[in-house]
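Asker: Join the two chains, each given in its own frame, into one complex according to the hints.
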Amino acid sequence: MIWILDITMLFFLVVCAIAAISIKDLLSAIIILSAYSLIMAIVWVEMHSVDVGFTEAAVGAGITTVLFIATLARTEGRSED
Amino acid sequence: MSGMIDIVYAEYNYWIYVTLMMIGFYAMIAKKNLIKKVIGANIFQTAIFLFYISLADVTGGTAPIIVGHGGEHAEHAADVIYTNPVPHCLILTAIVVAVSTTAVALALIIRIYNEYGSLEEDVILAARRKLQPEFSEHARQKGVAEVSEQ
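Line by line, the protein sequences give chains R and P. For what it's worth, this note's numbering labels the leading residue of the first sequence as 1, then goes sequentially. For what it's worth, this note's numbering labels the leading residue of the second sequence as 82, then goes sequentially.
Isolated chain P (complex conformation) (with noise of 0.2 Å):
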C-alpha cells in the first residue's frame, strides 16, 4: 500500500494530465455546444502537452541552454544536468498545430452557424433532418438507399 502512495506521490504530474484528458475527453462527446466541443478538444491537446514536456523533466536538471560555454564558468560546464530538449521541440511543433486545428474547427462553426442558426447539436440535427429526410430515423431503420429511391 505504501509502495502505491509512493508511486502516486513520484508521478503527481501523470496523474494531473490523466485527469485533464478525461476532462477534456468528456466536454468532447457530453456536450451538445459546438464551442463547449472545442473548448474541450483544447483541454486534451494541452494534458498531452503537459505529459511529453514532464517527461523530458531531470531531478535536479536546468534549461537545456549551455551554460559556461568559454565564459568564466567553463570549467563547470561538465557538470551541468539538462532536461531533455527532444520533447520540447516536438511540443512547440504540436501547439502551432494545435492552434490551426482550432481555427479550423471555429471556421467551420461559423458556417455551421449561418447554416442552420444554431450551435446546439441536437437543434442542428434536427434541422437537419427537416431538411434532407434521408437522415431522418425513418430513413435509418430502412435504409439511405431505399428513401432516396422514392
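Excised from the complex, chain R in its bound form (with noise of 0.2 Å):
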C-alpha cells in the first residue's frame, strides 16, 4: 500500500462525494459520482483487490452513469436542493 497516493485518492473521494451531492445541476452530480467511482476503483487496486478495481471501473463508472443519463434524458436535468 503507497500510504500517499492512498490519502490523496480518499482526500479526492470525500471531495467528490461531497460535490456530488451539492451540486444543483443533475449532469453534472452524475458525472462527479462516475469520477467518484473511478478514483475508488484507484484505491482499490492500490489496496491489492484487483478483480473488485476493475468490475468497479466497469460496472460502477460504466453502467450505473449510462443508467442515470438514460433516467436523465427522460426527466427533468434540474434540481431544487
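To be clear, the hints were calculated from the coordinates, so they are not data collected in a lab. Heads up, some of the hints might be wrong.
As the list claims (entries may be wrong) - Result set (DMTMM-like, lysine to aspartate or glutamate): computed pairs, CA atoms no more than 25 Å apart in a straight line:
#1 24/R with 92/P
#2 113/P with 203/P
#3 113/P with 201/P
#4 113/P with 46/R
#5 211/P with 46/R
#6 211/P with 25/R
Said to hold, decoys possible - Example chain P residues on the side facing chain R (calculated, C-beta under 8 Å, incomplete):
#7 83
#8 85
#9 97
#10 108
#11 122
#12 123
#13 132
#14 134
#15 138
#16 143
#17 177
#18 180
#19 183
#20 185
#21 191
#22 197
Each residue gets a CB set at the ideal place from its N, CA and C atoms; glycine is no exception.
Answerer: So, in C-alpha cells, the structure goes:
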C-alpha cells in the first residue's frame, strides 16, 4: 500500500462525494459520481484487490452512469437542492 | 492523546469510510430530489465496499494470485503474503447487486415522473394529497379509516 497515493485518493473521494450531492445540475452530479467510482476503483487496485477494482471501473463507473443519463433523458435535469 | 493520534493515523481508511457513509446517508434523508437520493444511496454502498476491502488488506501483502507456481520462482512461493480474498468475492457480488438496485430505483423514478411530472419529493407529496385526500394532513389527524368512509 502506497500511503501517500492512498491518502490523496481518499481525500479526492470525499471531495467528489460532497460535490456530487451538493451540485444543482443533475448531469454534473452524475459525472462527478462517475469520477468518484473511478477514484474508488484506483483505491481498490492500490489495495491489491484487482478483481473488485476492474469490476467497479466497468460496472460502477460505466453502467451506472449510462443508467443515470438514460433516466435523465426521460425526466428533467434540474434539482432544487 | 498520542495513542488517539496513532489510532487515527493507522486506521485512516475507516475514518474515510465513516465520513463517506454519513455523506451518503445525509443525501438520502435531507435531499428532496429523487435522483439525489439514489446518488446518496450509491455513495453509501461504495462506503461499505471500501470498509470491506480495507478489512481484507494485509500489510506487506500482494494480490491473491499464486506466485511462482511451478515456475522459476517456485522456491519463493511459501514466503509470499497474500491479502484476504474472501471479502473481495463478497464485494464483487455486492457491486452487481448495487447496480441492480440502482436500475430498479431509476425505473421507479421514471414511472413517478410520468405520473406526477416532477422529481421533487414535496411536489410529488402535495400532488398525491390532492389526488387522494386520505393522505392529507387533515386525514392523518382524524385517522385514515374515518375519512375514507365519508
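Asker: Indicate, hint by hint, whether the structure satisfies it.
Answerer: Now for the hints, and whether the structure bears them out:
1. Distance check on the hinted pair: residue 24/R and residue 92/P sit about 34 Å apart at the alpha-carbon level, beyond 25 Å; violated.
2. This hinted pair checks out: residue 113/P and residue 203/P have alpha carbons roughly 7 Å apart, not beyond 25 Å.
3. The straight-line distance between the Cα atoms of residue 113/P and residue 201/P is roughly 6 Å, inside the 25 Å bound, and the hint therefore holds.
4. A distance of roughly 36 Å separates the Cα atoms of residue 113/P and residue 46/R; the hinted pair therefore is violated under the 25 Å criterion.
5. With a CA separation close to 53 Å, the supplied pair residue 211/P and residue 46/R exceeds the 25 Å bound.
6. Simply put, residue 211/P and residue 25/R have alpha-carbon atoms about 29 Å apart, too far for the 25 Å limit, and the pair is violated.
7. Taking 8 Å as the C-beta contact cut-off toward chain R, the hint placing residue 83/P at the interface is violated, the least distance being around 19 Å.
8. Taking 8 Å as the C-beta cut-off, the interface hint given for residue 85/P is violated, the closest approach to chain R being about 18 Å.
9. For residue 97/P, the interface hint holds, since its Cβ comes within 8 Å of a Cβ in chain R; the closest pair sits about 4 Å apart.
10. The restraint placing residue 108/P at the interface with chain R holds, with a minimum CB-CB distance near 4 Å, inside the 8 Å limit.
11. The beta carbon of residue 122/P comes no nearer than 11 Å to any beta carbon in chain R, farther than 8 Å, and the hint placing it at the interface is violated.
12. About 6 Å separates the beta-carbon of residue 123/P from the nearest beta-carbon of chain R, less than 8 Å, and the hint is met.
13. Because the beta carbon of residue 132/P sits about 12 Å from the nearest beta carbon in chain R, more than 8 Å, this interface hint is broken.
14. Because the smallest distance between the Cβ of residue 134/P and any Cβ of chain R comes to about 5 Å, under 8 Å, the interface hint for this residue holds.
15. Checking residue 138/P against chain R by beta carbon gives a least distance of about 5 Å; that is within 8 Å, so the hint holds.
16. Given hint, residue 143/P at the interface with chain R, holds; its Cβ is 6 Å from that chain's nearest Cβ, closer than 8 Å.
17. Evaluation of the residue 177/P hint against chain R yields a held restraint, the C-beta minimum of about 7 Å falling below 8 Å.
18. Interface hint status for residue 180/P: upheld, as the beta-carbon distance to the closest one in chain R is roughly 5 Å, under 8 Å.
19. A distance limit of 8 Å between C-beta atoms decides the matter here; for residue 183/P the minimum to chain R is near 6 Å, and the interface restraint holds.
20. Taking 8 Å as the C-beta cut-off, the interface hint given for residue 185/P is violated, the closest approach to chain R being about 10 Å.
21. With a cut of 8 Å, the hint placing residue 191/P at the interface with chain R holds, because the nearest CB-to-CB distance is about 5 Å.
22. Because the smallest distance between the Cβ of residue 197/P and any Cβ of chain R comes to about 11 Å, over 8 Å, the interface hint for this residue is violated.
In terms of the numbered hints stated before, the structure departs from hints 1, 4, 5, 6, 7, 8, 11, 13, 20 and 22, listed from lowest to highest.
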